[in-house]
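Residue numbers (my numbering), protein chains in the order written: chain Z, 36 to 210; chain E, 72 to 517; chain Y, 29 to 341.
Hints in this document: simulated from the structure, not taken from any laboratory.
In this text, all values refer to a predicted model and were calculated from it rather than measured experimentally.
Hints may contain errors.
Said to hold, decoys possible - Partial selection, computed: residues in chain Y whose CB lies under 8 Å from chain Z:
no.	residue
1	78
2	79
3	80
4	86
5	230
6	282
Claimed, not checked - Interface residues of chain Z toward chain Y, partial, derived using beta-carbon atoms under 8 Å:
no.	residue
7	101
8	163
9	167
10	198
11	199
Ideal Cβ positions, reconstructed from N, Cα and C, are used throughout, including at glycine.
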Amino acid sequence: MATNQTHSKPSLFQLVLLVAALLLVTVVTVPAAEAPDTITLNVLAELYEPVVFDHAMHADVAECAICHHQTTGQPEAGSRCVRCHSGNETNASVACRDCHVAEPFSADYMRSKEVDSERYHIDMPGLKGAYHLSCLGCHTEMGAPTGCQECHARTAAGDETFRADAQAPTGGNSH
Amino acid sequence: MKQFLVKGWRPVDAEAKEGQETLTLWNKLWLGLTFRQYLSQAVRNPFNWVIAIIFAIGIPLVLYRFVFGLGAVTHSSNDYPWGLFLSFGLFAMVPLSASGFMLGTAVEIFGRHDFEPVERLAMLNGLLGYFFAVVFLLVDLGQPWRLPYPMAVAFGPAAVLFLVGWHVATYLTVQVAEVSVSFFEWMNWPVCKKFIRRITIGLTVSGIILSTLHQGALGALFTYAPGKLHPLWYSASFQWLHFLVSAIPGGLCMVIVVSTIVKKTMAWRCDERFMANLDRLTIALAKGASMGLITYLVIKLIGVAHDNEWIYLSTGWGSWYLFEMGIGVVLPLILFARGIRYNKVGLIRFTALLTVFGVVLNRLNTALIAFNWKLYQDIPHWKEITISITLFTLYIVTYRFILYRLPILFEWKTQPAEAPEAVRAKTVCPTQSNPSPAGAVYRSRD
Amino acid sequence: MSKISRRRFLAASVAGGAAITLAPTKKALAATFEGYSEGMGVLVDLTRCVGCRSCEAACNKEQKLPTPDLPFDDPAVFDQTFHGGTQKRRTTEKAYTVVNRYEPKDGSQPVYRKIQCNHCNEPACLTSCFVNAYTKTREGAVVYNSKVCVGCRNCMVACPFNVPAYSYSSAFNPMIKKCIFCHETRLKQGLPPACVAGCPQEALTFGHRNSLIKIARERMRHQPGRYIDHIYGEKEVGGTAWIYLSAVPFEEVGFDTTLQKEPILSNVKDFLSTVPMVLAIWPALFSGFHLLAKHKENHAGDDHQNIDEEAHK
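Based on the sequences and whatever the hints tell you, model everything.
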């Protein structure tokens with residue numbers, strides 16, 4: 036349940052495998068200019084197929100800070116972040132998953148938040164929340180696709196969970 | 072019955088007819104007729120045919136409810152958990168059954184022995200009303216076989232319904248004990264009767280306590296639903312008092328209504344004492360009911376003022392509220408005043424019916440009509456209505472069965488020597504509006 | 029037990045009781061119950077919900093509920109109305125949570141609102157139950173024991189949020205059906221309920237109720253103007269474990285904003301407090317009336333003198 040992001044391996048000798056690897060594999064610990072073209076996100080891979088995120092295209096239409104806050108060293112003007120984060124430094128990691136945890140409601144994570152009374156970010160969304168809040172917010176504003184299956188196809192397990200088998204009888208659910 | 076009366080038959084009213092041997096239980100069960108004779112009169116009575124038709128439709132529906140569940144016969148829903156069974160069967164039947172404790176208090180506690188001719192009728196009315204309220208409840212409960220659970224298995228003592236359950240159960244026991252005196256006379260078990268007589272005061276006082284609490288508790292049940300019940304029918308502070316106080320005219324007027332029906336349809340079963348005193352007692356009961364009604368009117372107004380709900384009176388719900396109060400409280404007060412002033416017993420009897428209607432309307436409004444006023448109006452399913460009518464018919468049939476037999480409307484003559492004493496009661500003028508001094512001549516006890 | 033030992037036992041009890049009673053403690057009991065401090069809750073942020081109904085699907089799966097009439101991704105349910113168009117969908121025996129769509133008055137984007145049991149701090153269903161079928165667990169869930177339920181449905185009458193549903197269709201084992209915060213299968217293991225885990229937007233934030241209120245305030249502070257200045261459920265009917273933030277007035281999205289701040293139980297206390305008083309005072313009062321009446325009777329005239337004595341011997 037975490038993003039699958041590993042270094043690419045150019046030594047692979049089969050073309051098919053190379054293409055597949057390019058889809059799956061990305062480099063994140065690089066400056067903005069060296070950002071990956073695509074990132075495969077499979078946090079919801081249980082009910083949905085992984086998302087192949089066209090990072091290059093999105094980097095063309097939006098400022099880094101829209102998604103990456105101050106971490107890329109280009110904070111939004113007047114951003115709250117710069118009060119504490121210097122703003123012109125690039126973080127060691129700008130990957131979403133390095134701050135936004137995959138299991139935000141695990142007992143351990145919640146305890147670690149509560150124990151740390153100095154902690155400022157008490158309301159940081161989990162990884163899944165961060166993706167969707169960030170993506171859907173923009174998509175709605177820009178008129179980009181917002182349907183669930185417009186970004187990621189549902190798996191068989193997803194069909195089962197959503198009871199795609201349900202037939203629509205006349206009437207409705209009983210009250 | 073009339074045919075047999077013409078032929079000189081008189082219903083059983085003593086352990087033995089003069090000069091004859093003791094009657095068997097079988098004889099008493101058919102009122103001294105043979106079974107065949109009894110059956111023939113029952114078949115001739117058109118009212119029995121109406122009952123038969125109701126039962127023919129209704130009893131299969133009751134069975135249907137128990138086989139296919141509540142959902143199959145009622146419109147009870149997730150929004151309207153309580154339908155007609157409870158709003159009519161429980162919430163309306165219970166106040167009309169307050170008569171038992173009212174008359175018990177008047178006779179046993181305050182020593183108004185002049186009320187004795189109707190005391191037993193009031194007691195029976197109370198017992199049957201409560202019993203059938205429980206029958207209605209059993210039909211409505213999801214798992215009626217678990218009814219004893221709050222007494223034995225799991226306890227929720229902070230719940231109002233826990234009080235209602237315990238009080239209704241204990242009060243039913245008290246009422247069975249009170250009415251059992253008549254049964255013991257009929258069965259000729261003087262020892263048992265003597266025992267009950269000895270604990271009468273205890274029974275009566277427990278009756279007052281239990282009635283105060285659970286008549287009130289039925290009202291207090293709605294304090295759980297402040298947002299759901301229309302403010303005009305809801306009062307966090309006074310709901311239980313509204314229910315308790317309205318039960319007083321409700322119970323008393325029910326006695327007037329039932330005694331009127333009895334007088335019209337069952338005169339052969341009533342003895343001289345009952346018939347001769349009834350008009351006078353009807354007026355006396357109406358006085359009590361009027362006092363209850365005026366008190367009720369005042370505390371209802373206080374309820375509106377206390378929560379500052381005047382604004383609601385100008386709405387549609389306000390008109391409905393004013394209709395309920397007008398037809399069920401204000402109009403009866405005016406008519407009772409006229410009836411009492413001019414000794415118009417007929418008017419009083421009609422007014423009592425009106426008051427009973429008013430109390431029933433109030434309970435239906437509280438539990439069903441003005442409940443969920445912000446959602447939508449629930450209309451009971453026709454099967455729900457039919458089952459309610461069936462159960463109410465069963466109530467009437469049971470009522471009649473007991474009135475025919477037990478010494479409720481007449482005195483049981485254990486020894487022929489007591490007869491002259493009973494006759495004494497006849498001497499009182501029937502329309503005398505001023506009751507004679509307490510306990511003057513009305514005696515039913517051995 | 030012999031008389032002596034019973035007496036000794038009583039003496040010991042009295043002494044013990046006196047010792048406890050006379051001990052100079054200054055600790056007073058709280059007048060109201062405001063929930064267990066470690067109780068969990070969920071913060072529902074209506075501004076985040078997109079109406080995907082993943083929560084409904086997750087709930088259906090977790091609680092092994094029957095197949096719905098329409099698939100969970102069918103937006104047609106948002107157009108369903110009931111009872112002459114007055115009612116939107118509600119919780120039923122087949123659905124412990126439902127999401128409804130509302131069109132705000134200002135014509136902005138539709139708002140979606142999730143309904144489920146709010147798991148009150150002092151639940152009306154619990155206090156109205158005469159067989160104690162409900163329990164407020166330390167984890168914050170309001171759970172229900174169908175084994176003792178008689179089916180009086182008082183809890184449904186009492187619930188200010190109209191949440192509990194009843195399986196009216198069952199003839200032999202009908203029971204209350206409602207959200208139980210996934211208590212047995214998840215909450216007890218420290219896991220968030222299935223709906224929270226399934227929410228892609230983190231419109232549902234799981235945590236200690238106390239922390240969630242801080243988070244809710246934090247959101248209102250950091251995004252001025254985004255939210256109505258009210259945390260629904262913080263105070264309503266004594267506080268609920270599930271609390272809500274909204275950008276539009278709560279009454280426009282189906283919330284009852286007329287609810288009292290005190291627990292429902294406080295309405296009933298007036299009556300409950302009269303019960304022991306009636307039990308204690310009435311016997312003496314009415315026995316006294318009886319004695320007075322009897323006394324009067326005995327002195328009223330020779331004719332009546334024996335009647336009562338005879339009757340009550």
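Verification of the supplied hints:
1. 78: Interface hint status for residue 78(Y): holds (6 Å vs cutoff 8 Å).
2. 79: violated (10 Å)
3. 80: Hint on residue 80(Y): holds, closest Cβ of chain Z at ~6 Å, below 8 Å.
4. 86: holds (7 Å)
5. 230: holds (3 Å)
6. 282: violated (15 Å)
7. 101: violated (16 Å)
8. 163: holds (6 Å)
9. 167: holds (4 Å)
10. 198: With a closest approach of 5 Å, the residue 198(Z) hint holds.
11. 199: Hint holds; residue 199(Z) Cβ to chain Y Cβ min 5 Å, cut 8 Å.
Hints 2, 6 and 7 from the list above are not met by this structure, while the remaining hints are.
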